[in-house]
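Number of protein chains: 2
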Amino acid sequence: MAQTFTEAELKDIYTFALDLGRRAGKILVDGVEKRTGAAGARDMGKQEEKMNAVDIVTQTDLDVEAFVKDEINRKYPDHKFIGEETYSAGSSKQYLIDASPTWVVDPLDGTVNYTHLFPMFCVSIAFVLNSQPIIGVIHQPLLDTTYSSLVGYGAWQDDAHDGGKQRKRLPLVNSPKAILPKEAPKGCIFSCEWGKDRRDKEGGNMWRKVNSFVNMAAEIGGRGGKGGMVHGVRSLGSATLDLAYIAAGSFDIWWEGGCWEWDVAAGIAILREAGGLITSANPPPNPETDPIEEVRLGSRLYLAIRPAGDSEGETGRQAQERVVREAWKRVQGLDYSRPGA
Amino acid sequence: MAQTFTEAELKDIYTFALDLGRRAGKILVDGVEKRTGAAGARDMGKQEEKMNAVDIVTQTDLDVEAFVKDEINRKYPDHKFIGEETYSAGSSKQYLIDASPTWVVDPLDGTVNYTHLFPMFCVSIAFVLNSQPIIGVIHQPLLDTTYSSLVGYGAWQDDAHDGGKQRKRLPLVNSPKAILPKEAPKGCIFSCEWGKDRRDKEGGNMWRKVNSFVNMAAEIGGRGGKGGMVHGVRSLGSATLDLAYIAAGSFDIWWEGGCWEWDVAAGIAILREAGGLITSANPPPNPETDPIEEVRLGSRLYLAIRPAGDSEGETGRQAQERVVREAWKRVQGLDYSRPGA
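Residue numbers (our numbering), protein chains in the order written: chain E, 24 to 364; chain D, 24 to 364.
Take these hints with a grain of salt, some might be off.
No copy labels: a pair is met if it fits in one copy or bridges any two.
Said to hold, decoys possible - No more than 20 angstroms apart at the CA atoms, straight line, and that leaves these computed lysine to any residue pairs for SDA-like:
1) K209 to E316
2) K188 to H102
3) K249 to G177
4) K188 to Y37
5) K205 to A183
6) K57 to E311
7) K191 to T81
8) K205 to E242
9) K188 to E32
10) K49 to A183
11) K352 to A122
12) K219 to W179
13) K209 to R45
14) K219 to R246
15) K34 to Q355
It is worth saying that the hints were derived from the structure and are not from the lab.
Note that the structure is predicted; figures quoted are calculated from it, not measured.
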């Protein structure tokens, strides 16, 4: 039987998750200090001096996950916990999320960025109930910026500003909420990632991605009519932050395959609460008319559209669905499966 | 005859440029407030309410350039000024930089990001003497982060941190300075941009870029031996910030064509002072042995390699040159020319 929570309980969980994200981020920043040498000379013992950058990052990743898991276990001992590090170490790649209250955590998304001290990395914490992410926290510690949501209470950005904190509702452009371009994907910012599958094989994921990117980017009329002439193409190296920027309205369309639950759970919670849409990356047989289904957490295939305002003759939701279909006409299906899917 | 400046004069110019970048950034942030509505309800008159987002951005861009130009003219009336907005409005696309003391300014780089409130936009201010950028300031106002340099005095990042300011020397990873991977481009972060030229034409710039991106990304052995298996591909939508992140060591290789002087002048000053290398994007006839020439400001073709530490049997500079040649073997020459070039 599905467990239920009172409004007060959910608010407590949200407050706890926000604080937890920031404390976890502090550990990541301490790891950065070690590497830039600020604290390194003072604090590092002989043993740590022998660790190279990759060792430090791997250890920090494990430390942050252990910290987050401990804190959750102490406060909510009967909740389930799924973290990237513990999960990856196991052998099963089955769906692990059921109706139970479950925390889904990526202690460090954007590991390569973290290694290179590029600030586009984050802690991602989601609370999932009845298989739906209903609370999300994405914290960028180096920028001191947090994206978060509680179902029914809005999605928010908190950032450091003039020495204080400022809280803004997502999407950021909201007076009025920006409408989606009439000729979308033309005029849109398209967010995508090259990923790890780089096999140079016709029909492989890299080539399906590249063909899709070029379709979205090429001039109108190009690519046999598939040219989408997007306004810009962005690749940050963090799926979690791609979703946060979609929720903020900074990016319009995000299309990606291969992510796991912990990469997207918090982002999905925030995006939905901000008014965004998320469905499958892979076009159905008839992109023009087939139903646009809600994404399944763990499907590994994602197409997200930013929150959109109503305009004359079209609601925001209708505009989002129009953009989903225009994207589907231009992208190729990706091949990321999992046992049980 | 070339004009000379004393050390004290140059330090004054650097201090002035730093302050100017931050004040200009403040105007950009005020423009953001108008759009997110925080200040909008209070401050916007009836006329401004009628302006759409694009109008506000264009106006802000012009306002910032006018502000920067006025401040420079007041303090240094005998210096030349080249700004994106004033230059673009004119008809000439000749080289405009000579031996005179010249300020080269982009009031807003990453305009599309600014329109979408994605924080990867900046003010870029360079001071150029004898055709060489010797002072650079790149300020990201939404992140309150500044990259800057004065020739001979180092390159620096200043950012807001725990409510205060922190100054770090570039590159950020510097104890010891990170060495470049032995199998580069494998292991590197490759930074590139899709740009505005989207003609779907074999031999056009979009296809030359895409072929180059795929060569850099594909598995080792793929693409007829050209596969570079870079660790990650990043596209931010701001050439200026790409260069700042190369100087910081956050990105390893930046390859781009089509930029103008104001997009790169400050970044080149900062990158060189941090110990980076910048040359032409277009491979010479023999990439293995032809000399690696210093880039010409205004050539519109750029390949930048991050600062690199020495390792056994190889200086940092030798490693950078090795990476230049490995990149040249994988990229196709781009077609961006200018009158007088």
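Verification of the supplied hints:
no. : hint         : in the structure
1   : K209 to E316 : neither (24 angstroms within a copy, 39 angstroms between copies)
2   : K188 to H102 : neither (31 angstroms within a copy, 40 angstroms between copies)
3   : K249 to G177 : neither (36 angstroms within a copy, 48 angstroms between copies)
4   : K188 to Y37  : within (18 angstroms within a copy, 30 angstroms between copies)
5   : K205 to A183 : neither (35 angstroms within a copy, 39 angstroms between copies)
6   : K57 to E311  : neither (53 angstroms within a copy, 38 angstroms between copies)
7   : K191 to T81  : neither (34 angstroms within a copy, 24 angstroms between copies)
8   : K205 to E242 : within (16 angstroms within a copy, 39 angstroms between copies)
9   : K188 to E32  : neither (25 angstroms within a copy, 38 angstroms between copies)
10  : K49 to A183  : both (15 angstroms within a copy, 15 angstroms between copies)
11  : K352 to A122 : neither (34 angstroms within a copy, 53 angstroms between copies)
12  : K219 to W179 : neither (31 angstroms within a copy, 33 angstroms between copies)
13  : K209 to R45  : neither (37 angstroms within a copy, 33 angstroms between copies)
14  : K219 to R246 : between (26 angstroms within a copy, 16 angstroms between copies)
15  : K34 to Q355  : neither (41 angstroms within a copy, 55 angstroms between copies)
Comparing the model with each numbered hint stated earlier shows that hints 1, 2, 3, 5, 6, 7, 9, 11, 12, 13 and 15 do not hold.
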